[in-house]
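This is what each chain is made of:
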Amino acid sequence: MSFASDLSRFSVKVQARSQSLFVNVAAATKASITDGSAVTASPGQPVDTGFLKASWQLTFPAQHEALIATNVAYAPYIESRIRADFDPAGVVNRYGVKGGLIGPAMPRGGNRPHIKSTVGGAHSVRLTRAGFSRLVDRVNAMTAE
Amino acid sequence: MISHDLVLLACRTRLLTLSGATTGAINAAATATGYTRAAGSFVADGFVVGMEITAAGFGTAANNGTGLATFVSAGVLSVTPYTVVAAATVAGYTVTARTLAIEGAAAGKTFTVALPALRAWENVSFEPVAGKPWVEEDYLSGPVAQVTVGPLGDVETLPQYVVKVYGLSGKGALALHRLADAVLNLFPPRLDLPLVGGDVVRVRGDVAPYKGQLIQYAPGFAVVPVTVPLRVRSRNTI
Chain A
229 MSFASDLSRF SVKVQARSQS LFVNVAAATK ASITDGSAVT ASPGQPVDTG
279 FLKASWQLTF PAQHEALIAT NVAYAPYIES RIRADFDPAG VVNRYGVKGG
329 LIGPAMPRGG NRPHIKSTVG GAHSVRLTRA GFSRLVDRVN AMTAE
Chain B
260 MISHDLVLLA CRTRLLTLSG ATTGAINAAA TATGYTRAAG SFVADGFVVG
310 MEITAAGFGT AANNGTGLAT FVSAGVLSVT PYTVVAAATV AGYTVTARTL
360 AIEGAAAGKT FTVALPALRA WENVSFEPVA GKPWVEEDYL SGPVAQVTVG
410 PLGDVETLPQ YVVKVYGLSG KGALALHRLA DAVLNLFPPR LDLPLVGGDV
460 VRVRGDVAPY KGQLIQYAPG FAVVPVTVPL RVRSRNTI
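Protein chains in written order, with our numbering: chain A, 229 to 373; chain B, 260 to 497.
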């Protein structure tokens, strides 16, 4: 055993650990957005048909890059709790937009948007972003165990 | 532990001081369709179509108050005037049209763009009014963690204050983005907001306040959300 071989093994170990941490953080971030997280206080996605929740995808466009995204048109309305009805089935609506706004222009009889789900809620991305450093700390602690 | 109601009220109090544009005291006249000035420029002062402007300093009461800017040039500010009054109704406010009266030019008139008069505060009944800008707040309590060890350790809470600025669709992006930018300027990173009881809520710098995409809200409105991440540390009492 030489010092050089020790360094080499240490380097391999650090790289493996870094890669593991990166992948696990990406997965935990997506889970915080879709399923909710006690670490970030994200409520996760609301579920009526499951269309929105299932649409969130985690991909790795580059070695050190993770992309968590949805292509559902009404996702920004859910995220920011914009007062608008939306089509949970994602069908083409009267504006010709798939998964976009439908129904009455403004919800009547109340001042909250139409989120029918009893699970999940709004602002999941916002809360995950704000709590990201804590999420990394948590995943790091778990990876080290 | 912190009182979230105090954090919300501190943020709201700060938001109420919003200033999106102002002329300062100028020499101006009122016409049947708006206001005119001979010197200076409404454009240079930051006014754009779609903003809710507030006029003050006119001798005729009907010429003072809010209105929607429908045309802006250096010397002309055309508006659709209206008056907003808070009401204990489902809508939350009553909005009535107002008619401007012709009034000659004189000094001491001011025009400002402040927080829209129609405000949807958390859990307060509100209905948007067609053709009128409005704002909505969301308060997110955020996660809590004890960050220093032992009894009476520090508890760190990460709340967020979200302000959604609603403007008129089809009027361009400038009015909405300028008001949203004014919100951002009002909550710069590291800003301290003292709370009653001694705690201080600080605007975060590691995740600084940010503005979202302009999205359409059907029909007639577009909206830009502004997010203000906050950090509060308080003493754990256990």
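Mixed in with the good hints, there may be bad ones.
[Claimed, not checked] Estimated spans, in silico, between C-beta atoms of each pair:
(1) B/333 with A/282: 20 to 26 Å
(2) A/299 with B/411: 46 to 52 Å
(3) A/289 with B/382: 25 to 31 Å
(4) A/297 with B/319: 23 to 29 Å
(5) A/369 with B/263: 25 to 31 Å
(6) B/464 with A/240: 35 to 41 Å
(7) B/473 with A/263: 27 to 33 Å
(8) B/432 with A/289: 28 to 34 Å
(9) B/457 with A/252: 23 to 29 Å
(10) B/459 with A/369: 24 to 30 Å
Honestly, the hints are just simulated from the structure, not real lab data.
All residues carry an ideal CB built from backbone N, CA and C; glycine is no exception.
We went through each hint and held it up to the structure:
At roughly 54 Å, the beta-carbon separation of residue 333 of chain B and residue 282 of chain A lies outside the given 20 to 26 Å, and the hint is violated. Distance hint for residue 299 of chain A and residue 411 of chain B: a CB-CB separation of about 49 Å, consistent with the stated range 46 to 52 Å. The supplied range of 25 to 31 Å is broken by residue 289 of chain A and residue 382 of chain B, whose beta-carbon atoms lie about 41 Å from each other. Checking the proposed 23 to 29 Å range against residue 297 of chain A and residue 319 of chain B shows it is violated: the Cβ atoms sit about 55 Å from each other.
Between residue 369 of chain A and residue 263 of chain B the C-beta distance comes to about 27 Å, which sits within the given range of 25 to 31 Å. Between residue 464 of chain B and residue 240 of chain A the beta carbon distance is about 36 Å. The supplied range of 35 to 41 Å therefore holds. Separation of residue 473 of chain B from residue 263 of chain A is about 29 Å and conforms to the stated range, judged on CB atoms against 27 to 33 Å. Judged by the Cβ atoms, the range 28 to 34 Å given for residue 432 of chain B and residue 289 of chain A holds: they are separated by roughly 29 Å.
For the hinted restraint 23 to 29 Å between residue 457 of chain B and residue 252 of chain A, the CB-CB distance of approximately 39 Å leaves it violated. Between residue 459 of chain B and residue 369 of chain A the beta carbons are some 29 Å apart, a value that agrees with the proposed interval 24 to 30 Å.
Going through the hint list in order, the structure does not satisfy hints 1, 3, 4, 9.
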